[in-house]
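J.: Input sequences plus hints: build the corresponding full structure.
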Amino acid sequence: MSTEKLALTTNSGARKPASAGGASTALAADLTRALGPRKVLSNLSERLNYRYDAIQFGATPLAVVLPESTEDVVAAVRAARAAGVPIVGRGAASGLSGGAAPLEPGLVISFTRMTRLSIHPERREATAQAGVVTLAVTEAAKPHGLIYPPDPASFRTSTIGGNLAENAGGPMCFKYGVSGDYVRALEFVDVDGELHRLTRDVFDLAGLLIGSEGTLGLITEATLRLIPPPKFTRTLMAHFPEVGACAEAVSRAIAAGAVPSKLEFMDRACTNAVEDYLHLGLPRDAEAVLLVDTDGEDLDTVQDELRLVEEACVASGGTVRRAATDEEGALLWRARRSVSPALGRIRPQRMNEDIVVPRSALPDVVREIRALGDASPFPVVQFGHIGDGNLHPNILFDPRREDAHAVHDLAHRIALVAIRHGGVLSGEHGIGSMKRDFMRDAVDPETLAALRGVKRALDSSGALNPGKILPAEEVMVDG
Amino acid sequence: MNNEIPVQTLGGQGEVMAHAVDACVHCGFCLPACPTYALLGDEMDSPRGRIVLMKEVLEGGLPLADAAPHLDRCLGCQACVTACPSGVPYGELITAFRGWSEPQRQRSAFDRSKRWAILKALPAPKLFSVAARVGQFAKPLAPVLPAALRGPLDLLPETVPAMQPSPKVTPARGVQRGRVAFLVGCAQQALAPNFNAATLRVLARNGIEVVIPDGQGCCGAAALHTGARDEALKLVRANLDAFHPDDFDAILSNAAGCGAGLKEYPMVLHGEPDEARAKAFAAKVMDISEYLNTLLQHGELEPPVPASRPLTVAYHDACHLAHAQGVRAAPRALLRAIPGVTVLEVPEGDLCCGSAGTYNLEQPELAGQLGARKAKNILSTTPDLIASGNIGCHTQIQSHVRRQGSPTPVLHTIEILDRAYRGEL
Chain A
1 MSTEKLALTT
11 NSGARKPASA
21 GGASTALAAD
31 LTRALGPRKV
41 LSNLSERLNY
51 RYDAIQFGAT
61 PLAVVLPEST
71 EDVVAAVRAA
81 RAAGVPIVGR
91 GAASGLSGGA
101 APLEPGLVIS
111 FTRMTRLSIH
121 PERREATAQA
131 GVVTLAVTEA
141 AKPHGLIYPP
151 DPASFRTSTI
161 GGNLAENAGG
171 PMCFKYGVSG
181 DYVRALEFVD
191 VDGELHRLTR
201 DVFDLAGLLI
211 GSEGTLGLIT
221 EATLRLIPPP
231 KFTRTLMAHF
241 PEVGACAEAV
251 SRAIAAGAVP
261 SKLEFMDRAC
271 TNAVEDYLHL
281 GLPRDAEAVL
291 LVDTDGEDLD
301 TVQDELRLVE
311 EACVASGGTV
321 RRAATDEEGA
331 LLWRARRSVS
341 PALGRIRPQR
351 MNEDIVVPRS
361 ALPDVVREIR
371 ALGDASPFPV
381 VQFGHIGDGN
391 LHPNILFDPR
401 REDAHAVHDL
411 AHRIALVAIR
421 HGGVLSGEHG
431 IGSMKRDFMR
441 DAVDPETLAA
451 LRGVKRALDS
461 SGALNPGKIL
471 PAEEVMVDG
Chain B
1 MNNEIPVQTL
11 GGQGEVMAHA
21 VDACVHCGFC
31 LPACPTYALL
41 GDEMDSPRGR
51 IVLMKEVLEG
61 GLPLADAAPH
71 LDRCLGCQAC
81 VTACPSGVPY
91 GELITAFRGW
101 SEPQRQRSAF
111 DRSKRWAILK
121 ALPAPKLFSV
131 AARVGQFAKP
141 LAPVLPAALR
151 GPLDLLPETV
161 PAMQPSPKVT
171 PARGVQRGRV
181 AFLVGCAQQA
191 LAPNFNAATL
201 RVLARNGIEV
211 VIPDGQGCCG
221 AAALHTGARD
231 EALKLVRANL
241 DAFHPDDFDA
251 ILSNAAGCGA
261 GLKEYPMVLH
271 GEPDEARAKA
281 FAAKVMDISE
291 YLNTLLQHGE
301 LEPPVPASRP
311 LTVAYHDACH
321 LAHAQGVRAA
331 PRALLRAIPG
341 VTVLEVPEGD
351 LCCGSAGTYN
361 LEQPELAGQL
371 GARKAKNILS
381 TTPDLIASGN
391 IGCHTQIQSH
401 VRRQGSPTPV
411 LHTIEILDRA
421 YRGEL
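Read top to bottom, the protein sequences are chains A and B. Numbering-wise (UniProt numbering), the first sequence opens with residue 1 and increments by one. Numbering-wise (UniProt numbering), the second sequence opens with residue 1 and increments by one.
Warning: the hint list may mix true and false statements.
[Stated by the list, open to error] Once the Cα atoms are required to be at most 30 Å apart in a straight line, the calculated DSSO-like pairs of lysine-lysine come out as: (1) A:K142 x B:K376; (2) A:K39 x B:K376; (3) B:K168 x B:K284; (4) A:K231 x A:K175; (5) B:K114 x B:K234; (6) B:K120 x B:K168.
Source of the hints: derived by calculation from the structure; they are not laboratory data.
T.: Right, here's the structure in full:
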């Protein structure tokens, strides 16, 4: 069993700290000399809290730096390189693939204090340091009549740097795209501590950094595109007696010409977990709930699109309720955003998938995953940005009572369903360490070799977020 | 979060703690709700971070002394509980943890005597009143005193009012509609006796007989939340003896902190012989605003006299009402029931004012930053009046609003209702 599988549980072998040992003390002393004591955490009680993200616990870092400027990041990277230890970047650590959880002891650079943000309405741009909370961009832009559309469920917590590292999506991504689509320019620090500023022309190196999960460089600042908000938004909720019918309704609505701004799905277990938290009166008996927004400049068009969706839902056997007010719509979206953490009410731990499949395959895929779940001893729940074909099947389990191997096997089988239907392993959460082993199924050896080539070109020593995305190279063993 | 907390050696409180740790999926949704995370921006001073620290200490992987500074900075405001989709009972965890860890803490003689003085004075209104008067006398000396002593002095109002003992029974006026027991509270008897006087008048006016049972004392919340569990248990049991839930429609408190404390009794006594009594007791506990709002919702609240002019009231959500008890709508509904009153929402309304029990005395710097931020947010709405339902918030907000040069009156929600009934609004 590989270490990353073990690391599924918080009590993995990697968990216990190596105590305040010599390496830690020496690195912390170097960092403190370079940055001053306020920005360097070296006590065990401090370091223990920088070994996890929202899905996984990893190794306790040797030291943690809380930079306040790009220069601080440069200094921290140079100190870590001099000490020969790996470097893991971290935003709010709300990620769901183990991306910010270090797999070996090293330096964690946490960007939560790099929060400078400026809005340039004349260029419809925001300049945000990596630690700016996602929601803050839209809040700062609103007085200028602009918004920043990417809205991952964790947008009150997650940071721009983390969003870009994972190329985060969100309900708005069906019509408006994902985080990477809003980046005009990036500033990043490379593995040698050199500072670079990139735009999207010639080689789209910025595009390479986006979604690279901190394995190619550390994003310190981004120039983000802003747009005017749509004038009108309408919301409806539909519920279905069967999960596949919900997926059929989505395909039908889009085929009919609707381009909803948000299209989100949650199955019965998700709806019930959220209902336990928010008490909104969601239909507890429905096997699937679909949430849909249409928006635009012209109210008639917005209403027409909503009608198209409504008809598609009814034709697929669904029951439709339109949100009577904006407040009701906002509450329904709050329900959707709470799904992921609310699943903790069912089991303390989960393996989280992030597959994307062609929309035409959706009904078959959700039914096959439902069947795999029903045949397994674990609760398997599904939700996601169904308009994009982006599904989050989650295997819920209790690591004290249930077998982590069996969880991993089931996750693998679910990933294979997606791949068999022409899908991919990650829509927005990244591969991290959680889905690293499935990369060999999803990517052919030649392409994997090309990815490794890119990694070597930008991080030849492999010091940046080691153990993420790329599976270890096969070692040939003599006969 | 998977844990190896040795529940078998920790008993009922161990179960409470292990359950809370289990429920956390470390998603980070609590981070933006946490006042200390907002101020300090590091993981150790966030709810998620503190849960990990408590887990490590309970499992034996981290010395208590290393975790303590971060745990001590927690206000116990429970904003994270409201924000948590996974349902982590963080308030129960930190309370139980403080009770478990306090006997193992090594504190300086100065700290020990300060805590001893606070825990002796708070539950004894007469002693507290004397202390407050002495403090008032000492106020001019504040600039030369150490910070630990300056904090409490800064909070004392300009004048300490005379004590007003409450009658044992306040009869209903007109037709009697109900009968309630009332917890008179400790510090507020000394600092704001009008809170209780107004409460009794408003209840009587609504046909409610109010009984103040003999033998009642401090709710125990201050002792419990500072880790003095033995002290707290004595107070809890005294109240269980004094109040007989079957005799009353409800057991009322007009201080959010005390009300939340009373509702915690079943958790405090989890796994102990008195647990059933505590459950029966807590089932009857209501905040004064909750109780009056049920009358309002049934069309039974005596209509208040309209305000003499249109008035705006900035309502401050006390953490122990909004987060710990989930009471948000009731006080707003009562204020709106007064013709002419408009209720204003405060920016960053969910962020604690920094008062939080003894926090002002133990973490004066952070408490001061939060107090100033709260006052600025409230004053940004330019209200005619400021309302809250908790003596701690009241004192803190009044002090910081004055410091920012505003004379805006700070009142208990019930005082405003009382003024309306008396035609004085």
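J.: With reference to the structure, classify each hint as holding or not holding.
T.: Do the hints match the structure? See the list:
1. A:K142 x B:K376: Distance ~22 Å between A:K142 and B:K376 Cα, so the pair holds.
2. A:K39 x B:K376: Distance ~29 Å between A:K39 and B:K376 Cα, so the pair holds.
3. B:K168 x B:K284: holds, 20 Å
4. A:K231 x A:K175: holds, 15 Å
5. B:K114 x B:K234: holds, 20 Å
6. B:K120 x B:K168: Satisfied, since the Cα-Cα distance of roughly 24 Å is no more than 30 Å.
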